[in-house]
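Listed below are the residues making up each chain.
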Amino acid sequence: MEFIIAFGLIILAFFTGRYAENSHYKSIRAREQKLNAVPAVSARSFPIEAPVEHSELVYGSVVVSVDYFKRVLMAFRQIFGGEIKSYAPLLDRGRREALLRMKEAAPDADIFVNCRLETSSIANSNRQNSLSCVEIIAYGTAIRYKK
Amino acid sequence: MILTNLEQVPGKTIVEHYGLVQGSTIRAKHVGRDIMAGFKNIVGGELKGYTELLSESRDEAIRRMMEQATAAGANAVVNVRFSTASITQGAAEILAYGTAVKVQ
Numbered sequence: 001m002e003f004i005i006a007f008g009l010i011i012l013a014f015f016t017g018r019y020a021e022n023s024h025y026k027s028i029r030a031r032e033q034k035l036n037a038v039p040a041v042s043a044r045s046f047p048i049e050a051p052v053e054h055s056e057l058v059y060g061s062v063v064v065s066v067d068y069f070k071r072v073l074m075a076f077r078q079i080f081g082g083e084i085k086s087y088a089p090l091l092d093r094g095r096r097e098a099l100l101r102m103k104e105a106a107p108d109a110d111i112f113v114n115c116r117l118e119t120s121s122i123a124n125s126n127r128q129n130s131l132s133c134v135e136i137i138a139y140g141t142a143i144r145y146k147k
Numbered sequence: 001m002i003l004t005n006l007e008q009v010p011g012k013t014i015v016e017h018y019g020l021v022q023g024s025t026i027r028a029k030h031v032g033r034d035i036m037a038g039f040k041n042i043v044g045g046e047l048k049g050y051t052e053l054l055s056e057s058r059d060e061a062i063r064r065m066m067e068q069a070t071a072a073g074a075n076a077v078v079n080v081r082f083s084t085a086s087i088t089q090g091a092a093e094i095l096a097y098g099t100a101v102k103v104q
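Protein sequence lines correspond, in order, to chains L and Z. Position 137 of the first sequence, counted from 1, bears residue number 137 in the numbering used here, the numbering being contiguous throughout. Position 26 of the second sequence, counted from 1, bears residue number 26 in the numbering used here, the numbering being contiguous throughout.
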């Protein structure tokens, strides 16, 4: 009985996880297209030297989790070792989402300088396997030039 | 209060330094959110409850840092950094720190 439930969950997770990932990527791509005109740079210096009108600290954060199907894949991967390909999209999605949220926090900015990305794993209280949810934060200084 | 993670405030000059200021908060997740998150852990995707919780905590940490800076007589905090550490299972500390300065 337990086996059937676990198997059912894996099947369910496979479809829901895939659906969540695809719809998230779709929304990320659509929003990135809109915000690509505003650059986010990791340099401290300004690419454009011009009088600054306003500057403020902005951040965006997101907590994402990996689905059950991928966790099962991960368990198998831990036997043989090697790259865990199924986890890469999770972190990629999180990072892009966090950057988008940072940009959305200052819609009238001309540039974001000194952008930093930070990842921390948030331990799950009722499971041993702790890398199942990850918080990603993106922060930087939004600059608006004098026009 | 101006916050920035650059070393100086763009368009302004620093006239005085007051040293390091920091603000931190330790938050625990509550049961309702944990149950939802447990469910989300099966299907995958964003855990909105946790995202909200952590961004509320971050705002609180920033607010405490700003309070400390105001008490020192500063009007800006430069070189702000964030850090998150999970201390025990189910609780996270969020820390914001920076250098308090006076700008003109």
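Source of the hints: derived by calculation from the structure; they are not laboratory data. Treat the numbers as computed from the prediction; the structure is a model and nothing was measured. Be aware that one or more of the hints could be misleading.
[Claimed, not checked] Cross-link-like lysine-lysine pairs, in silico, DSS-like; alpha carbons within 27 Å at most:
| hint | chain 1 | residue 1 | chain 2 | residue 2 |
| --- | --- | --- | --- | --- |
| 1 | L | K26 | Z | K48 |
| 2 | L | K147 | Z | K48 |
| 3 | L | K85 | Z | K12 |
| 4 | L | K34 | Z | K12 |
| 5 | Z | K48 | L | K34 |
| 6 | L | K147 | L | K26 |
| 7 | Z | K102 | Z | K29 |
| 8 | L | K146 | Z | K48 |
Against which earlier hints does the structure fall short, listed by number upward?
-> Of the numbered hints, 2, 3, 4, 6, 7 and 8 do not hold.
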